[in-house]
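**Q** Based on the hints, put chain B in the right spot on chain D.
Number of protein chains: 2
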Amino acid sequence: MDLFLTLDAGGTSTRAVVHDATGTCLGYAVGSGGNPTASGVETASATMRSTTAEALEHAGAQPKHVGHALAAMAGSTVRLAGVDDGLRALGVPVPLHLGSDIEAMFFSGTAALDGAALVSGTGAAAIVVTNGTTTARSDGRGWLLGDAGSGYWIAHHLVRAVTADLDHRGPRTALTDALLSAAGVASGRTDDKDALLDQLVSILYAIPTPGIARFAPLAFDLADSDAVAEDIVQTAAEGLADTVLALPSADRSAPLVVGGSVLFHQPGLRSLVAELLRGSGWTGPVNAVSDGTAGAMSMNLRSAGVVIDESSHARMLASLADVRTRS
Amino acid sequence: MDLFLTLDAGGTSTRAVVHDATGTCLGYAVGSGGNPTASGVETASATMRSTTAEALEHAGAQPKHVGHALAAMAGSTVRLAGVDDGLRALGVPVPLHLGSDIEAMFFSGTAALDGAALVSGTGAAAIVVTNGTTTARSDGRGWLLGDAGSGYWIAHHLVRAVTADLDHRGPRTALTDALLSAAGVASGRTDDKDALLDQLVSILYAIPTPGIARFAPLAFDLADSDAVAEDIVQTAAEGLADTVLALPSADRSAPLVVGGSVLFHQPGLRSLVAELLRGSGWTGPVNAVSDGTAGAMSMNLRSAGVVIDESSHARMLASLADVRTRS
Numbered sequence: 008m009d010l011f012l013t014l015d016a017g018g019t020s021t022r023a024v025v026h027d028a029t030g031t032c033l034g035y036a037v038g039s040g041g042n043p044t045a046s047g048v049e050t051a052s053a054t055m056r057s058t059t060a061e062a063l064e065h066a067g068a069q070p071k072h073v074g075h076a077l078a079a080m081a082g083s084t085v086r087l088a089g090v091d092d093g094l095r096a097l098g099v100p101v102p103l104h105l106g107s108d109i110e111a112m113f114f115s116g117t118a119a120l121d122g123a124a125l126v127s128g129t130g131a132a133a134i135v136v137t138n139g140t141t142t143a144r145s146d147g148r149g150w151l152l153g154d155a156g157s158g159y160w161i162a163h164h165l166v167r168a169v170t171a172d173l174d175h176r177g178p179r180t181a182l183t184d185a186l187l188s189a190a191g192v193a194s195g196r197t198d199d200k201d202a203l204l205d206q207l208v209s210i211l212y213a214i215p216t217p218g219i220a221r222f223a224p225l226a227f228d229l230a231d232s233d234a235v236a237e238d239i240v241q242t243a244a245e246g247l248a249d250t251v252l253a254l255p256s257a258d259r260s261a262p263l264v265v266g267g268s269v270l271f272h273q274p275g276l277r278s279l280v281a282e283l284l285r286g287s288g289w290t291g292p293v294n295a296v297s298d299g300t301a302g303a304m305s306m307n308l309r310s311a312g313v314v315i316d317e318s319s320h321a322r323m324l325a326s327l328a329d330v331r332t333r334s
Numbered sequence: 008m009d010l011f012l013t014l015d016a017g018g019t020s021t022r023a024v025v026h027d028a029t030g031t032c033l034g035y036a037v038g039s040g041g042n043p044t045a046s047g048v049e050t051a052s053a054t055m056r057s058t059t060a061e062a063l064e065h066a067g068a069q070p071k072h073v074g075h076a077l078a079a080m081a082g083s084t085v086r087l088a089g090v091d092d093g094l095r096a097l098g099v100p101v102p103l104h105l106g107s108d109i110e111a112m113f114f115s116g117t118a119a120l121d122g123a124a125l126v127s128g129t130g131a132a133a134i135v136v137t138n139g140t141t142t143a144r145s146d147g148r149g150w151l152l153g154d155a156g157s158g159y160w161i162a163h164h165l166v167r168a169v170t171a172d173l174d175h176r177g178p179r180t181a182l183t184d185a186l187l188s189a190a191g192v193a194s195g196r197t198d199d200k201d202a203l204l205d206q207l208v209s210i211l212y213a214i215p216t217p218g219i220a221r222f223a224p225l226a227f228d229l230a231d232s233d234a235v236a237e238d239i240v241q242t243a244a245e246g247l248a249d250t251v252l253a254l255p256s257a258d259r260s261a262p263l264v265v266g267g268s269v270l271f272h273q274p275g276l277r278s279l280v281a282e283l284l285r286g287s288g289w290t291g292p293v294n295a296v297s298d299g300t301a302g303a304m305s306m307n308l309r310s311a312g313v314v315i316d317e318s319s320h321a322r323m324l325a326s327l328a329d330v331r332t333r334s
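Chains as they are written, first to last, in the numbering used here: chain D, 8 to 334; chain B, 8 to 334.
Same shape as in the complex, but just chain D (with noise of 0.2 Å):
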């Protein structure tokens, strides 16, 4: 047997799917956040590990059985010695081929070798993909120095508006009782502004940053109904266009492919930011993914030889959505 093992490993969860070269889906196990940057590379390795092992035995199959493997992460190769540790000592017999997160996502979402990607989860980046690799970046630049549009930047304008609207320096919002709740600020005598916030400062500035991410939702939540929160929004939405607008290259009619837990699980921002791509002569069709995980089983057969078009991709996608199904 000669069977594809593709990870993908994310700041939250670890995907990892045993398959075969027809992209035909055996196995399939869910694990716990595989980044090696945000987790560590002990961490990381660790989560693979254990992450195949359960996909293998998904699929009846042992770790010898492997014949490529390749795992879709963020964060530079350079950085990412010993993440192969954990399948080794496992005894898989082949290299670990690393890739890219968004390229993986971009991949979800298009069989074609030419386009752009968009994700929107905790930080935000755009790329331009061509003849299948990526030849151009906007963004990305983490939550102090970009990441417009992100999760973390949303939430921060939802905290520093609850924040003034409690110190009464900005508008009144319903985002303030939304995050009050949602970061168990006791709430007690609500006159007491100053003891509010002594509250609030203490539960947010104990969260790592970039964690207050987390908070981003309540923006989504009450965006219809309240004018601070549809200014965040659409804040949101404006930087995430000028984002992809701003890759050189992109062909404006090319398959754009959104991802992100923010922009897979925000329909309405995702609506905003297809409307302002179009406004700015946008053409191609925009695709949302939930992750990398078919993404990445498409790069892994691709460095195998294997060629994928758009009916093998379709029917991989099947299978996968399949597989997770009996998983």
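Please keep in mind that the hints were generated in silico from the structure rather than gathered at the bench.
Be aware that one or more of the hints could be misleading.
Pairs involving identical chains hold if they fit within one copy or between any two copies, as the list cannot separate such chains.
Straight-line C-alpha distance at most 25 Å; calculated SDA-like pairs for lysine to any residue [claimed, not checked]:
1) 71 to 312
2) 200 to 253
3) 71 to 28
4) 200 to 245
5) 200 to 172
6) 71 to 100
7) 200 to 311
8) 71 to 274
9) 200 to 232
10) 200 to 150
11) 71 to 92
**A** For chain B alone, coordinates are given in the frame of chain D:
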């Protein structure tokens, strides 16, 4: 002898002054950062000890001659256990009273017991002082949640504007060359924006938060010639004016004392803030101060029952300026 020891403990320097009950300064010394929340209680305590020893020597006095000791510093008193260990070990026979650094700044600028103070240094906050004590505060919620118009706020907007410029996501700005130079980014091939951005990311993420505030002066240097810099400065001024105007109980004819490294060193920002306040009906005088040392002296004297009026306040300022020249 019944001398007064007054300390003004800031994040970057600690000032110690030995004076008598008339506010005549006898000895003065400057030490390193002595803010216990920034430097830790042990370091703060040791800095206060060494700076005090130097000021006493300058005054030709001994620790046992100190009859009244007060330190103005940021941070609540509950976190300050042990901060007076250094002075006790030195042989200062009286307890160390603690006062608010922003109240001290207020009393540096006026002999009045009522008014308001606005500080913009690394952070930013405003208070109302009523009958000599803080009765309301606005902002001062730190780099993540507030500090609108502070050095960190200005620098954060600046570094994001530079990143967006390099990424072609934002307007061209002269801040880019200024920041690349100030941050020590090797220019080299200026056409390779990703290489420049990778360097900028490495350098700026290595600076512990909120240390990027050090780059705030670049915005003021270029505000007259660069639209992006001008907009950052204007928005900072609006944030600071809003912080003052949000104070619920501020008497708009009472003195407003402004200080902190940003407001003290940037007269252009002070003018913009004063103009915005005048436009909103603020009629009281706006006095700029370099630090809270004279105000901490006032607090120390007043807690010993000494009455400070305009003429004794003026004499105290003159004596402090004189001892600083001689130290």
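**Q** Checking against the hints above, which ones are violated?
**A** Hints 7 and 8 contradicted; others consistent.
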